[in-house]
Amino acid sequence: MRLVEHEAIILDREANQVHQLNATASLVWQRCDGQHTAVQIAEALTGAFHVDLETARAAVVTALRRFAELGLLRPGRI
Amino acid sequence: MDTLTLNVLNQVIRVHCAHPMVESLLSMAYGAMRGDPGGADLEYTVRGDASPERFHVVRPDGESIAAPDGGALLALFDADVAVALQRRRPDLYFLHAAVLVRDDAAVLLVARSGGGKSTLCWALTHYGFRYASDELGPVDLTRLHVHPYPRTLMVKRDPPASFPMPNGVRTSGGIHVPTHVMPGGLVRAPSAIVAVFFLHHVPDAPGPSVRRLSTAESATRLYANALNPLAHGGEGIDGAVRIAARPCFELVTAELAPTCALVATTLATISWGRRR
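Protein sequence lines, in the order shown, are assigned to chains A and B. Counted from 1, the first sequence has number 56 at position 56 by the numbering used here; the numbering is strictly sequential. Counted from 1, the second sequence has number 249 at position 249 by the numbering used here; the numbering is strictly sequential.
Treat the hints as calculated values from the structure; they're not laboratory data.
Where chain B lies over chain A, by a calculated footprint (3+ residues, C-beta under 8 Å): (1) 5-12; (2) 18-26.
Pair by pair, the computed Cβ-Cβ distance ranges are: (3) B:V83 <-> A:E14: 18 to 26 Å; (4) A:V61 <-> B:R212: 26 to 34 Å; (5) A:L53 <-> B:R88: 56 to 64 Å; (6) B:A268 <-> A:V61: 38 to 46 Å; (7) A:L70 <-> B:G115: 18 to 26 Å; (8) B:D104 <-> A:H6: 30 to 38 Å; (9) B:V83 <-> A:T62: 37 to 45 Å; (10) A:A23 <-> B:H145: 27 to 35 Å; (11) B:G62 <-> A:A48: 58 to 66 Å; (12) B:A261 <-> A:T46: 43 to 51 Å; (13) A:V39 <-> B:A257: 53 to 61 Å; (14) B:G234 <-> A:A15: 15 to 23 Å; (15) A:A15 <-> B:G62: 30 to 38 Å.
We treat Cβ as the ideally placed atom computed from N, Cα and C, and that holds for glycine.
Isolated chain A (complex conformation) (with noise of 0.2 Å):
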């Protein structure tokens, strides 16, 4: 992964594919370290970038969701 200016860059060999994330999916994805619950990453949203705590968990529901479709996680990654 690269991240340039707060987006990331992933480049999956695997499926020789490379994905740009905006800067919410790149904080996300910063997270998805399995250190990190869904719920934590939601409350860095809000920190981040000045929104509820719903409108954070919503963003990470999505973003988690098309991780896993571009079969980006790992299981129990998260």
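Chain A is already provided as a structure; the job is to place chain B on it using the hints.
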């Protein structure tokens, strides 16, 4: 047997043409790259039959490949030379892109095959742009200069009547425009990259539009169009990010004339910013 010697990216490519038809076809396509005879870095032999039309290309490694017609020959030769050049010049970051130059500043047009890159390239040569390439953009990442690759421009279908094409050579691949008829002339030396446009053709768009892209999105799109990213550091991402530091835009293309005008206007904005 005629011999065609090309000099591109400081590589000497010698092509032995075993039939006048072969020499005529390859000279048409690559004549702007002619160079002085000298020690060859790459050597090909191309044999041809007129009736029925068919060709055989003997590659530098000795392998022989058949092509059923002139269009297939040019496509095969082009692909092989492109790969060979990437191997011999791994210092350059090769992009699948058209390249035009105006006021000594290079503009890259990036689009998927069939995305209108060559047609827009042809149209822009009528707006003061000089032609550098319609397919290959070899970038010097240190200086952010792009080298010319003036193979003949090829479009898949006739452009609109507002941009008439002179009597080009038609093959199964498309319509090849001789480089000597380019309205703005040719580029002969590397040029500094000033902007990148990622083309997106929307058939029912009311008009062309342009949107500035973030560095990350631009780098991602460039990476997807890089031909030899793994020859460079950071699995090629570093190179894409470096190029993406230049202003990059998504260009929704529509009718050619207003699209060309929008490109020119957008570049003028960039130039104005650089002079301040």
